[in-house]
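K.L.:
Each chain, written out:
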Amino acid sequence: MAVQHKKPAPAATVRNNYFHSSPPIDQVGVEERASRFTKRSIKKESKKNGLLLVLNMIDLTTLEGKDTDGKVKQLCYKAMHPHDAYTTLTGEELPTVAAICVYPSMVKVAKKALGDSGIKVASVATAFPSGQAPADIKIRDTKYAVNEGADEVDMVISRGKFHAGEYNFVFDEIAAIKEACGDARLKVILETGELGTLDKVRRASDIAMEAGADFIKTSTGKIQPAATMPVTLVMLEAIRDFYYKTGKMIGMKPAGGISKSKLALHYLVMVKEVLGEDWLNNEWFRFGASSLANDVLMQLVKGKTGLYQAANYFSAD
Amino acid sequence: MEKLIKKSSLAISENGLEKKSGGKRVEVLKTYKIYIGGQFPRTESGRYYIPENAAGKKLANVCLSSRKDVRDAVVAARGAVSGWSGRAAFNRSQILYRIAEMLEGRKAQFIEELMAQDTSKAKAEKEVTLAIDRLIYYAGWCDKFQQLFSAVNPVASSHFNFSVPEPTGVVSIIAPQTDSLIGLVSVIAPVIAGGNTCVVLASETKPLCAVTFAEVLNSSDVPGGVVNILTGKPAELASWMVDHMDVNATIYCENNAAVQQMIREKSASNLKRVFFYDQTNWMNPDSQSPYFIMDTQEIKTTWHPVENIAGAGGGY
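Protein chains in written order, with my numbering: chain W, 10 to 326; chain D, 42 to 357.
To be clear, the hints were calculated from the coordinates, so they are not data collected in a lab.
Yeah, the Cβ is synthetic: ideal placement off N, Cα and C, and Gly gets one too.
Please note: incorrect hints may appear among the correct ones.
To be verified - Per label pair, the in silico range of CB-to-CB distance:
| no. | chain 1 | residue 1 | chain 2 | residue 2 | range |
| --- | --- | --- | --- | --- | --- |
| 1 | W | Ser126 | D | Asp319 | 52 to 58 Å |
| 2 | W | Ser44 | D | Asn296 | 44 to 50 Å |
| 3 | D | Asp184 | W | Ser126 | 50 to 56 Å |
| 4 | D | Gln80 | W | Thr47 | 30 to 36 Å |
All chains should be modelled from the sequences, with the hints used to inform the complete structure.
P.N.:
Here it is, written out as structure tokens:
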């Protein structure tokens, strides 16, 4: 993939020239390549270690209108104690998940429930999931989440403006939210299910990274299709090219639709083969998911006992 | 090249047209596939075996299912539990009746398959009609056994106390090895009549009718996943069907002491219900009973608080 600029140009120039020259994406090639990652054989010890890594990369998520303090507290307990019976069974400690992902109004509850467990609190913001709100409201939404104690902010881009070709608007908005985040890490949700083509996914990725995203994220989970392997591959390649160009690492978070361990392992293979081992930790790679954790736990217990497991022996949250 | 094509019984000439040379037509053989979640996949393992009849005639290439097919089938069966058990009992009755209707329409095929598997013509005809009648029998029971086996219980406190049967969930069935159609129908029908879903391992040596029965089910309004039928070897798969934590009950129909002991031991992992129907002659018209339905039911007792009318005195 051609590097567009030898050295980073001043922001204004970047805005004007860069995004129209995002490299075109070979859709057939990307789909072929993505399907290759599902052919790796991962068994026994490496499977177990992969599953433990997946568990440790999960942003355990609840983003429902019906969320209550009690629901969030339960989810936080699940985050800290994924399946205590595993320790009884094996004598080994399970890792915790990476973060809890909630709406801004639940940040304080989550922060308190998680205490000093080291688990991060991520908050969606900017009029999630549609993003259809004025700029000042989005900034206040973000600042509210950060003031409540959010360690990470998951923002949505303005897909309408993006489709209308107003890339500068999208860029400026991300940059403004990044500023409002302060020390909190910013994840930029592209909502790839609404972007339509892989070319647009690549362009949106480039805009987000140039504008200061710490992570780029596929989806809100509210739109189908959510995360798919081809889309994630395009975003990983964008991250790789950005890294070669600027030396700056950007994180990746596929979200929505990843509910099976096997699929999660395919994603890990993809990250390793596109970006390398430096990205294989929860500092740089996350899964946004709610039901993946239990499937991983069921697989881990199956690996230990040899018995296929049933969902009703694992806490829902 | 011309010679080679002539030799083949396809009798297709090089220009693609059929030759009217009186060449014998090659019969189109059915691929006997397994039935999981309303689909007919081949086994995940890609393996097959060739059962033969007594005369040594090869019956078909039949899927040799693996433990992962069992796993997939249990996932499908579990997914179908809430929908199937949530249907009105009368609707389940209609659907079982529908299976019987479809079976009636395909009698000839079943008779042919049974005869290929060493059953005499007279017995095959009897077996198929008996299978149809047995489905009708259990169709009738779908919305009647609950009333018979429910009870209002006398209790000393101010409660309305009642017990009703509810389906146990997913049932794994290792079907009878002989009587490959009537045995299969006789064990599946009461299980699904009661609102359960099931994973069935067909007769190893006589699997043809089981796969054709799956096709009947598939065209009978039975939702996908309610009945899943695998073909393969009980010696390989029985243990996986019994120690799966998401299976609630197991039915085994052979009189093999070692397998029965294995089932008893492995079922302890999640306290499955275990039933051995090893003394039942399925060809007997009387081998049907609502008690077969009750085997895979759980009794739920509810204590509903009420005012104690009798104790309320004259003022009430």
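K.L.:
Now tell me if each hint is right for this structure.
P.N.:
So, going through the hints one by one against the coordinates:
1. W:Ser126 to D:Asp319: 52 to 58 Å: At roughly 55 Å between Cβ atoms, D:Asp319 and W:Ser126 fall inside 52 to 58 Å, so the hint holds.
2. W:Ser44 to D:Asn296: 44 to 50 Å: holds (49 Å)
3. D:Asp184 to W:Ser126: 50 to 56 Å: Hint holds: Cβ distance 53 Å, inside 50 to 56 Å.
4. D:Gln80 to W:Thr47: 30 to 36 Å: violated (20 Å)
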